[in-house]
Amino acid sequence: MKAAFRMWKNTRMIILVAVCAAIYGAALVAFKTAIPVIPGITEVRVANIFPMVFGMIFGPAGAWGTAIGNLIGDTFGGTLGPGSMAGFIVTSARIPALCYVDDVFPFR
1 MKAAFRMWKN TRMIILVAVC AAIYGAALVA FKTAIPVIPG ITEVRVANIF
51 PMVFGMIFGP AGAWGTAIGN LIGDTFGGTL GPGSMAGFIV TSARIPALCY
101 VDDVFPFR
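Residue numbers for the sequence shown follow my numbering, so the first one is 1 and each next one is one higher.
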């Protein structure tokens, strides 16, 4: 779990967070009206492939980036509300699991 907060001291990891947030936020905005399940509340998000990929490739930086990108997508997509903070919390909840995987199976 230390890696989730220690990464903020590394400039490359901060850049990875920004890049992941930008890509995920842009994909969410681009596909915002793709498949609404309950209009204005929830939709099938085509861009949800990115959190898994970014998390496995970039570890905690990818998870933080997708959590921030979720807020960006909600802000520019017009659905920012109390559920957006819940989405941030749920998206960032995978950070401890990614830190564990990084410790046990160091791919880098």
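Simulated from the structure, these hints should not be mistaken for lab results.
Among the hints, a few may not be true.
[Claimed, not checked] Simulated restraints on C-beta separations: (1) THR11 - VAL37: 18 to 24 Å; (2) LYS2 - PRO36: 16 to 22 Å; (3) ILE35 - ASN10: 24 to 30 Å; (4) THR42 - ALA22: 22 to 28 Å.
[What the hints assert, rightly or not] Think about it this way: if two alpha-carbon atoms lie no more than 20 Å apart in a straight line, the pair counts; the simulated SDA-like pairs of lysine to any residue are: (5) LYS2 - ARG12; (6) LYS32 - ILE15; (7) LYS32 - ILE14; (8) LYS32 - ALA86; (9) LYS32 - ARG12; (10) LYS32 - PHE88.
Note that CB positions come from ideal geometry on N, CA and C, so glycine has one too.
Status of each hint after checking the structure:
Separated by about 40 Å at the C-beta atoms, THR11 and VAL37 break the suggested range of 18 to 24 Å. Range check, LYS2 to PRO36: Cβ separation about 40 Å, and the 16 to 22 Å hint is violated. Taking the beta carbon of each, ILE35 and ASN10 are about 38 Å apart, not inside 24 to 30 Å as hinted. A hinted range of 22 to 28 Å holds for the C-beta pair THR42 and ALA22, which are about 23 Å apart.
Between LYS2 and ARG12 the alpha-carbon distance is near 17 Å, which keeps this suggested pair within the 20 Å criterion. Using a Cα cut-off of 20 Å, the hinted pair LYS32 and ILE15 is violated, with the two alpha carbons roughly 25 Å apart. For the hint pairing LYS32 with ILE14, the CA-to-CA distance comes to about 26 Å; that exceeds 20 Å, so the pair is violated. At most 20 Å may separate the alpha-carbon atoms for a hinted pair to count; LYS32 and ALA86 meet this at roughly 18 Å.
The hinted pair formed by LYS32 and ARG12 fails the criterion: a straight-line CA distance of about 30 Å is larger than 20 Å. Restraint check for LYS32 and PHE88: satisfied, since their Cα atoms lie roughly 17 Å apart, inside the 20 Å limit.
Comparing the model with each numbered hint stated earlier shows that hints 1, 2, 3, 6, 7, 9 do not hold.
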